[in-house]
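Heads up: the sequence lines are chains A and B, in that order. Residues in the first sequence are numbered consecutively from 1, following the numbering used here. Residues in the second sequence are numbered consecutively from 1, following the numbering used here.
Keep in mind the hints are simulated off the structure, nothing from the lab. Watch out, some of these pointers could steer you wrong.
[To be verified] Which stretches of chain A does chain B cover? Using the computed rule of at least three CB atoms under 8 Å from a CB of chain B, they are:
{"#": "1", "segment": "22–29"}
{"#": "2", "segment": "105–114"}
{"#": "3", "segment": "133–141"}
{"#": "4", "segment": "223–229"}
[Unchecked claim] With the C-beta cut set under 8 Å, the calculated list includes, among others, these residues of chain B facing chain A:
{"#": "5", "residue": "80"}
{"#": "6", "residue": "86"}
{"#": "7", "residue": "102"}
{"#": "8", "residue": "167"}
{"#": "9", "residue": "171"}
[As the list claims (entries may be wrong)] Between beta-carbon pairs, the in silico distance windows are:
{"#": "10", "chain 1": "B", "residue 1": "224", "chain 2": "A", "residue 2": "258", "range": "56 to 62 Å"}
{"#": "11", "chain 1": "A", "residue 1": "118", "chain 2": "B", "residue 2": "171", "range": "38 to 44 Å"}
{"#": "12", "chain 1": "B", "residue 1": "174", "chain 2": "A", "residue 2": "261", "range": "55 to 61 Å"}
A virtual CB, placed ideally from N, CA and C, is assigned to each residue, including glycine.
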Amino acid sequence: MTTTPTATLTDLRPNPGAAPIGRMVIRQASFELKLLVRNGEQLLLAFIIPLVLLVGLSSVSWINLGPGSRVNIVTPGILALAVMSTAFTSRAIATGFDRRYGVLKLLGASPLPRWGLVAAKTLAIIVLEIVQVGAIVIVAFLLGWTPRGNPLAVVVLLIMGTAAFSTLGLALAGVLRAEATLAVANGIYLLLLFAGGTIVPIALMPGPMAVVAKLLPSGALGGGLRDVLVAGNSLSLLAVTVLLAWFVFGLAVAARTFRWD
Amino acid sequence: MSETALEIDGLVLKYGRTVAIDGASFSVRTGTVTGVLGPNGAGKTSMIETCEGYNSPTSGTVSVLGLDPQTDARALRPRVGVMLQEGGVPSGARAQESIRHMASLYANPLDPGELADRLGLSGLRTSYRRMSGGEQQRLKFAIAIVGRPDLVFLDEPTAGLDAQARNVVRELIDQLRSSGVTVVLTTHQMDDAEQLADEIVVMDGGKVIATGSPEALMSGSSGELVFQGPLRLDLASLQLALPEGCTVSESPPGTYRVAGEVGPHALAAVTAWCAQRGVMPSQLSTQGRSLEDVFLSLTGREVRP
């Protein structure tokens, strides 16, 4: 951490100036991460639920996941879930309450420019996701995971999923009040978790549901990751296109509806 | 540094059909404390938030440190400290880390630890949402001044503070002024305005209805002069000697009251008139109006919605 030069309280004379933009972004990102880690519900969403589902679904046999190694089928879906929980659910809820409590408003009067705040929030999400993915990968390997495919394709999908889900989260927080954002973001999370092609492979879904799931960001991310990690295929063009479309849609809605105060 | 820190000229602000500010004009000198007074709904917060760049004026101009809060926001933000009336701090954040974080966004901030000490926040371990109203206020105040701004906007800085905390905040505002910082604050606390402000701006119904120093607002125009003297002095003669706008009465007998525009001239007239008659007035006193009287007479006494 960089130390900030300070003046003593005997001297209150004006000496204004913004900190270097890099320092502002990093300090804002680390402040947000610190608050997030302190929040029990966010930790539940980011770590406990994905890891419990990973271990649970890999171990129990009474849920049909189709043929093949259970941990191999489950892990890509858990990675998709981790992205969804952090980039979409956490982000939407935190943004809604930040606005409700005037946090965004006051930051709007601080030297940190708005794009700097967006950059800081994105950086915080990326750092958190790296820790999440690390934890999931370690536990998956302990459970006997044998991933296939190109790791680069996995990284591309995770980045595109993060981009799509985070703009959708901002769009949601832009449209709704804080309490409604909390309820809807959690509702959508649960819906996409079980029926959106995140964890349950789309191939196991009934026909019409499978078509819908393929076009959802959750299904595109989960399905795309399974394509690479389970089947060893190359990057799915459909998954990439769907995620890109949701990203553009989320960005358009957020740009129209998002308010800072 | 320019003489004028803030210049508002013909400011109109409408939200849809609601007129929040209806042609306000006033200016603030650099290094002074200006208190914006007004009943609820007078337009104080709308006015301050327009200066902070949150609202775009419907018409008129606002110049903050010579800059336009809308188009020059980037240059202005590091130079202006802001304390919002409501919130601004993440609900899970603690006092010291919030001050430290805000300090880290500025190039030459105050020492966050000393600021926390001074405001009695250094021992506080609770998160913002669990703090008392006074603690939240003090934290918001600390955050507003930590970046060493040229100009601070404080929206109700002493609301909800106990006597000790109010004194600390007043001392700091006083110290800011003597250090050359310009302070613009809104308040409901007449004694705050009376003691702190160099200039007072009274708003009502979106308009500026009076400006001036507390002394100027409180003096001159009205009050009462009371003295004791022999019974049944010649009131008609005294009345003639008094400046226009003053009326004299005797009640109870032996107690004389001069009401109206009681200023130095009225006082001189009374003492001269007594001297001519060889009357020694005793217990002579003048009572100016308090700022609260001035405020109520300007804005009316009925309760606002």
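Structure-based check of all given hints:
| no. | hint | in the structure |
| --- | --- | --- |
| 1 | 22–29 | holds (count 4) |
| 2 | 105–114 | holds (count 8) |
| 3 | 133–141 | violated (count 0) |
| 4 | 223–229 | violated (count 0) |
| 5 | 80 | 7 Å, holds |
| 6 | 86 | 6 Å, holds |
| 7 | 102 | 7 Å, holds |
| 8 | 167 | 16 Å, violated |
| 9 | 171 | 11 Å, violated |
| 10 | B:224 - A:258: 56 to 62 Å | 58 Å, holds |
| 11 | A:118 - B:171: 38 to 44 Å | 39 Å, holds |
| 12 | B:174 - A:261: 55 to 61 Å | 31 Å, violated |
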